[in-house]
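One letter stands for each residue in the lines below.
2 protein chains.
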Amino acid sequence: MSEAARDRILDACARVIARNGLRRFRMQDVAREAGVSIGLLPYHFGDRDGLLQAALDRVNAGAADRARAEAGDEGPRERLRALLLSEFGDDPGVREGSTAWNELRAAAVFEPATAAALARSTAAWQGEVERLVREADPEPCGGDPAASARAAALGLTALVEGLSGRWLTGQIGVAQARAAIDAALASTGLGPAEDRDGSA
Amino acid sequence: MSEAARDRILDACARVIARNGLRRFRMQDVAREAGVSIGLLPYHFGDRDGLLQAALDRVNAGAADRARAEAGDEGPRERLRALLLSEFGDDPGVREGSTAWNELRAAAVFEPATAAALARSTAAWQGEVERLVREADPEPCGGDPAASARAAALGLTALVEGLSGRWLTGQIGVAQARAAIDAALASTGLGPAEDRDGSA
Chain A
1 MSEAARDRIL DACARVIARN GLRRFRMQDV AREAGVSIGL LPYHFGDRDG
51 LLQAALDRVN AGAADRARAE AGDEGPRERL RALLLSEFGD DPGVREGSTA
101 WNELRAAAVF EPATAAALAR STAAWQGEVE RLVREADPEP CGGDPAASAR
151 AAALGLTALV EGLSGRWLTG QIGVAQARAA IDAALASTGL GPAEDRDGSA
Chain B
1 MSEAARDRIL DACARVIARN GLRRFRMQDV AREAGVSIGL LPYHFGDRDG
51 LLQAALDRVN AGAADRARAE AGDEGPRERL RALLLSEFGD DPGVREGSTA
101 WNELRAAAVF EPATAAALAR STAAWQGEVE RLVREADPEP CGGDPAASAR
151 AAALGLTALV EGLSGRWLTG QIGVAQARAA IDAALASTGL GPAEDRDGSA
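For the protein sequence lines, the chains are A and B, in the order given.
Terminal number for the first sequence in the numbering used here: 200, no gaps in between.
Terminal number for the second sequence in the numbering used here: 200, no gaps in between.
Just so you know, the hints here were simulated from the structure itself, not pulled from any lab data.
Glycine residues also receive a C-beta, built at the ideal position from the N, C-alpha and C atoms.
Keep in mind that a hint or two might mislead.
[What the hints assert, rightly or not] Which bits of chain A does chain B cover? Going by a derived footprint, with three or more residues having C-beta under 8 Å, they are:
(1) 46-60
(2) 98-106
(3) 113-125
So here's chain A without its partners, still in its complex pose:
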């Protein structure tokens, strides 16, 4: 399968989840939405949870792409900020991706196979955040730098997930979600570089 076809299927998967929720999710709806034969899906993605995990990874990759487009040549602090902020936006694709994640998180409480897929995708995303935190702050004051980066990455990604739920249920807007991320970065000493000496 071409990469374009694969991406088309995974984007269709996020769209189907965002439209109807996971409770009415059927692989054949994804095939129809993507305009491909239903037989392609098990062949390339295995079972339902294989497809769901690939769709989450694709949402993550999309957020990373947007972040790179936003902060490509800048330092790790700008890239970290862009990666976290890229989870919120007015683009329908951003909302679809966020809704798909949100649905899988909810379903995973009751479905061990979904929980395993979710845990793998979450670990990949949180690992990328942790890598940027270590680059942004290689010598945090006090403690083991690796443990400190791991803790910061958990706090930041869990905050994004919490804010995502608020945003998707209409309790806050994109700007408010982004401001909360900026506040968390600033308070953990991971804000944009110019904040470090208070000149911003």
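Got chain A sorted already, so can you dock chain B onto it with the hints?
Frame of chain A; chain B shown alone:
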């Protein structure tokens, strides 16, 4: 209806949601679980969303009770910490309450009436956190104290929600969730009083 009967129904409601998820939620299962007549529920709670909101408020009240038992006579910082930490625990009732919240947050993305109930319960909880933040830090450095407390309350409660999803899906344990809350409190200058001068 006696307060005890009301509490029994709302605890049964959280238990039913935690067992089967919201997708199979039926008011008659709540009545059966609580051992009351089905007719009582619409009479006292109105429709499904009225019952769900009352159940969320009851979960909140339970968390506030546990926090008071934990930090009753201590200062606002200890009470704030206890309130946030009380969302995570090994007691089955704590997990049931957290699961019910998690399910309602997920459903609210697709159901406007559930979103309205969720927003009211969330606002009440966040308002209590905001009140404690203002008591704990009446003069934050820089900016409007009210806006600052509101932003801190949003960040802290969204973090709790994100961590709750991680915990309920088995990605982190109670201790890790609590450590993340402590880290967020410390980095926003809202940690327990003895941290203020670095003596802890």
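Here is what the structure says about each hint:
Given a C-beta distance limit of less than 8 Å, the hint that chain B covers the segment 46-60 of chain A is violated, as 0 residues qualify and 3 are needed. Residues of the segment 98-106 of chain A with a Cβ under 8 Å from some Cβ of chain B number 5, which satisfies the need for three, so the listed coverage holds. Coverage of the segment 113-125 of chain A by chain B holds. Counting CB-CB distances below 8 Å, 4 residues qualify, and the rule asks for three or more.
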